[in-house]
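Under my numbering, the first residue of the sequence shown carries the number 4, and numbering increases by one thereafter.
Rather than coming from a laboratory, the hints here were simulated on the basis of the structure. Bear in mind that the values here come from a model prediction, so they are computed numbers and not experimental data. The beta-carbon is built from N, C-alpha and C at its ideal position, and this holds for glycine as well. Do not rely on the hints blindly, as some may be mistaken.
The calculated lysine-lysine pairs, modelled on DSS-like cross-linking and capped at a C-alpha distance of 30 Å, are [to be verified]: (1) 114 with 15; (2) 18 with 75; (3) 114 with 129; (4) 18 with 100; (5) 113 with 6; (6) 32 with 129; (7) 65 with 122; (8) 100 with 88; (9) 75 with 88; (10) 32 with 18; (11) 122 with 32; (12) 113 with 15; (13) 122 with 66; (14) 75 with 15; (15) 32 with 75; (16) 32 with 65; (17) 66 with 25; (18) 129 with 75; (19) 25 with 75; (20) 15 with 109.
Have a look at the derived ranges for each label pair, beta carbon to beta carbon [unchecked claim]: (21) 81 with 14: 45 to 53 Å; (22) 120 with 6: 45 to 53 Å; (23) 89 with 49: 32 to 40 Å; (24) 96 with 126: 43 to 51 Å; (25) 32 with 103: 17 to 25 Å; (26) 103 with 31: 20 to 28 Å; (27) 75 with 123: 22 to 30 Å; (28) 125 with 68: 19 to 27 Å; (29) 96 with 124: 35 to 43 Å; (30) 129 with 104: 31 to 39 Å; (31) 18 with 126: 41 to 49 Å; (32) 121 with 49: 15 to 23 Å.
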Amino acid sequence: MQKEEIIELTNKVYKITLLFPKKEPLRYKAREAADEILNNIMSWEVIHNSNPVKFFVVDKSKKEEIIFETEKNLEILKGYFNVAKWQNWVSYFDILKIEEGYDKIKRDFKKKIEFLEKKEEDLKTKKLSQFQKTGGDS
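Build out the structure end to end from the sequences listed, making use of the hints.
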């Protein structure tokens, strides 16, 4: 997942919501959901990319919170787009393109999480194995 992809998708949400009625609350709620997704994914990237080892020492509840909030906002945004489709404010196919972009980000995000969780588990297993070999002596 590239940082440019999520920024581009967020921009697309802003552009497409310009076509919603001016005083329609969904216009701003969709943008807020897109902003939250951007915020969470960028936070995740900072935690992981600034120092990959840092990812493993960051409080697990913080990582779980980011994952939960990202998935929650992806579903909320999808719901908002479903309403917009039914209202015929914008092209069904334009919304579909944006949804496909978010689906790709969701898949990439899940793959990255699974990979990092496996890596974390492998590190724990390796440490336990080393601990058992040394008999707990350091």
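Hint check:
This hinted pair checks out: residue 114 and residue 15 have alpha carbons roughly 24 Å apart, not beyond 30 Å. A hinted pair counts as satisfied when its Cα atoms are at most 30 Å apart, and residue 18 with residue 75 qualifies at roughly 22 Å. Between residue 114 and residue 129 the alpha-carbon distance is near 22 Å, which keeps this suggested pair within the 30 Å criterion. Taking the CA atoms of residue 18 and residue 100, the gap is about 13 Å. The hint holds against a cut of 30 Å.
Between residue 113 and residue 6 the alpha-carbon distance is near 16 Å, which keeps this suggested pair within the 30 Å criterion. A threshold of 30 Å between alpha carbons decides the hint, and for residue 32 with residue 129 the separation of about 46 Å lies outside it, so the pair is violated. Restraint check for residue 65 and residue 122: the C-alpha separation of about 18 Å stays at or below 30 Å, so the hint holds. For the hint linking residue 100 to residue 88, the alpha-carbon distance of about 13 Å falls within 30 Å, and the restraint holds.
Among the hinted pairs, residue 75 with residue 88 is consistent with the structure: their alpha-carbon atoms are about 20 Å apart, no more than 30 Å. Of the supplied pair hints, the one linking residue 32 and residue 18 holds, its CA atoms being roughly 14 Å apart against a limit of 30 Å. For the hint linking residue 122 to residue 32, the alpha-carbon distance of about 37 Å lies beyond 30 Å, and the restraint is violated. Between the alpha carbons of residue 113 and residue 15 the distance comes to roughly 22 Å, so the proposed pair stays at or under 30 Å and holds.
Taking the CA atoms of residue 122 and residue 66, the gap is about 15 Å. The hint holds against a cut of 30 Å. Straight-line distance between C-alpha atoms of residue 75 and residue 15 comes to about 20 Å, which keeps the hinted pair within the 30 Å bound. Straight-line distance between C-alpha atoms of residue 32 and residue 75 comes to about 14 Å, which keeps the hinted pair within the 30 Å bound. For the suggested pair residue 32 and residue 65, the alpha carbons sit about 24 Å apart, so the restraint of at most 30 Å is met.
Note on residue 66 and residue 25: the hinted pairing is violated, with a Cα-Cα distance of about 36 Å set against a maximum of 30 Å. The hinted pair formed by residue 129 and residue 75 fails the criterion: a straight-line CA distance of about 34 Å is larger than 30 Å. For the given pair, residue 25 sits about 26 Å from residue 75 by alpha-carbon distance, which is consistent with the 30 Å threshold. Among the hinted pairs, residue 15 with residue 109 is consistent with the structure: their alpha-carbon atoms are about 17 Å apart, no more than 30 Å.
In this structure the hint that residue 81 and residue 14 lie 45 to 53 Å apart at CB is violated, the actual value being about 18 Å. Taking the beta carbon of each, residue 120 and residue 6 are about 22 Å apart, not inside 45 to 53 Å as hinted. The hinted window of 32 to 40 Å between residue 89 and residue 49 holds, with their beta carbons roughly 37 Å apart. Range check, residue 96 to residue 126: Cβ separation about 45 Å, and the 43 to 51 Å hint holds.
At roughly 21 Å, the beta carbons of residue 32 and residue 103 sit within the given window of 17 to 25 Å. The hinted window of 20 to 28 Å between residue 103 and residue 31 holds, with their beta carbons roughly 23 Å apart. Between residue 75 and residue 123 the beta carbons are some 23 Å apart, a value that agrees with the proposed interval 22 to 30 Å. Between residue 125 and residue 68 the C-beta distance comes to about 24 Å, which sits within the given range of 19 to 27 Å.
Residue 96 and residue 124 have their C-beta atoms about 42 Å apart, which keeps the hinted 35 to 43 Å range intact. Checked against the hint of 31 to 39 Å, the C-beta distance between residue 129 and residue 104 comes to roughly 37 Å, which is consistent with it. Checked against the hint of 41 to 49 Å, the pair residue 18 and residue 126 passes, with Cβ atoms roughly 43 Å apart. Look at residue 121 against residue 49: about 21 Å separates their beta carbons, and that is inside 15 to 23 Å.
Figure legend: structure checked against the earlier numbered hints; hints not met, in rising order: 6, 11, 17, 18, 21, 22.
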